[in-house]
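Asks: Chain by chain, the residues:
Number of protein chains: 2
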Amino acid sequence: MSFDDQLKFDSNGLIPAIIQDAANGRVLMMAWMNRASLETTIQTGRTHFWSRSRKKFWMKGETSGHTQQVKQIAFDCDGDCLLIQVEQIGAACHEGYRSCFFRSVEGDGFRTTEPRLQDPGDIYGKKAG
Amino acid sequence: MSFDDQLKFDSNGLIPAIIQDAANGRVLMMAWMNRASLETTIQTGRTHFWSRSRKKFWMKGETSGHTQQVKQIAFDCDGDCLLIQVEQIGAACHEGYRSCFFRSVEGDGFRTTEPRLQDPGDIYGKKAG
Numbered sequence: 017m018s019f020d021d022q023l024k025f026d027s028n029g030l031i032p033a034i035i036q037d038a039a040n041g042r043v044l045m046m047a048w049m050n051r052a053s054l055e056t057t058i059q060t061g062r063t064h065f066w067s068r069s070r071k072k073f074w075m076k077g078e079t080s081g082h083t084q085q086v087k088q089i090a091f092d093c094d095g096d097c098l099l100i101q102v103e104q105i106g107a108a109c110h111e112g113y114r115s116c117f118f119r120s121v122e123g124d125g126f127r128t129t130e131p132r133l134q135d136p137g138d139i140y141g142k143k144a145g
Numbered sequence: 017m018s019f020d021d022q023l024k025f026d027s028n029g030l031i032p033a034i035i036q037d038a039a040n041g042r043v044l045m046m047a048w049m050n051r052a053s054l055e056t057t058i059q060t061g062r063t064h065f066w067s068r069s070r071k072k073f074w075m076k077g078e079t080s081g082h083t084q085q086v087k088q089i090a091f092d093c094d095g096d097c098l099l100i101q102v103e104q105i106g107a108a109c110h111e112g113y114r115s116c117f118f119r120s121v122e123g124d125g126f127r128t129t130e131p132r133l134q135d136p137g138d139i140y141g142k143k144a145g
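Same order as they appear, the protein sequences are chains B and H. Residues 17 to 145 in the working numbering are what the first sequence spells out, letter by letter. Residues 17 to 145 in the working numbering are what the second sequence spells out, letter by letter.
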């Protein structure tokens with residue numbers, strides 16, 4: 017049975033993909049894939065996504081060089097979420113942190129829980145984002 | 017600054033929450049929260065969600081007893097995804113597996129990567145689900 021038959025893409029043709037660092041289990045980011053980006057991810061071994069805001073197919077690291085080499089792709093019981101183990105080059109977050117989840121709730125506020133590895137301006141040039 | 021100001025709920029008032037085992041980093045499940053379920057999660061220290069299919073507020077473990085004690089709540093750079101560390105009692109998955117991500121892609125197919133801890137019928141009675 018094909019794993020693809022097990023997956024459910026939403027009404028926009030998308031499925032959320034949780035990206036986890038294969039080396040230490042740190043959750044690095046969550047982004048959305050459509051069928052084409054999932055197929056390209058499998059074919060190339062590099063993560064590709066669909067940007068809902070930019071309405072654009074993109075490869076992680078295409079600008080920053082911070083690519084993700086795929087080690088394993090799992091999917092959940094309902095088939096509506098992916099969990100992808102990767103080898104991450106550099107910072108996964110466009111803000112320059114290793115993980116996009118660099119802030120945690122503390123009381124009514126929050127605190128930053130990890131060091132910034134790089135200035136966004138150094139990653140993307142003048143346009144940080 | 018309140019962390020709540022940093023969060024973006026989608027057009028349905030929902031935000032995805034990745035649930036991770038605080039003990040070993042295993043990603044257990046992904047489910048959706050609305051503002052009320054997030055607030056109740058914070059107030060009670062137990063995860064609460066919004067079921068999109070059943071259109072229902074629910075506490076994880078309310079039927080199975082497999083509750084999740086919250087250890088930390090993180091949120092991502094875009095404020096549109098939560099990452100919650102929990103102490104998980106029993107199986108997180110309604111299929112009786114520790115994690116909902118118990119299947120991984122292998123070639124064109126998939127394989128089960130962890131043992132089933134419990135029969136769903138034993139968790140939920142005759143109605144497995």
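Hints in this document: simulated from the structure, not taken from any laboratory. Be aware that a few hints might be false.
Where chains are identical, the list cannot tell them apart; a pair therefore holds if satisfied intra-copy or between any two copies.
Said to hold, decoys possible - Cut-off 20 Å, straight-line C-alpha distance, at most; resulting in silico cross-link-like pairs (SDA-like, lysine to any residue):
| hint | residue 1 | residue 2 |
| --- | --- | --- |
| 1 | Lys-87 | Arg-42 |
| 2 | Lys-24 | Gly-137 |
| 3 | Lys-72 | Tyr-140 |
| 4 | Lys-72 | Ala-52 |
| 5 | Lys-24 | Gly-81 |
| 6 | Lys-24 | Trp-48 |
Note that the coordinates shown come from a computational prediction; the quantities given were computed from them, not determined experimentally.
Asks: Are the hints correct? Go through all of them and say.
Replies: To see whether the hints hold, each was checked on the structure:
{"no.": "1", "hint": "Lys-87 with Arg-42", "result": "both (14 Å within a copy, 15 Å between copies)"}
{"no.": "2", "hint": "Lys-24 with Gly-137", "result": "neither (38 Å within a copy, 25 Å between copies)"}
{"no.": "3", "hint": "Lys-72 with Tyr-140", "result": "within (18 Å within a copy, 43 Å between copies)"}
{"no.": "4", "hint": "Lys-72 with Ala-52", "result": "within (12 Å within a copy, 32 Å between copies)"}
{"no.": "5", "hint": "Lys-24 with Gly-81", "result": "neither (31 Å within a copy, 28 Å between copies)"}
{"no.": "6", "hint": "Lys-24 with Trp-48", "result": "both (13 Å within a copy, 16 Å between copies)"}
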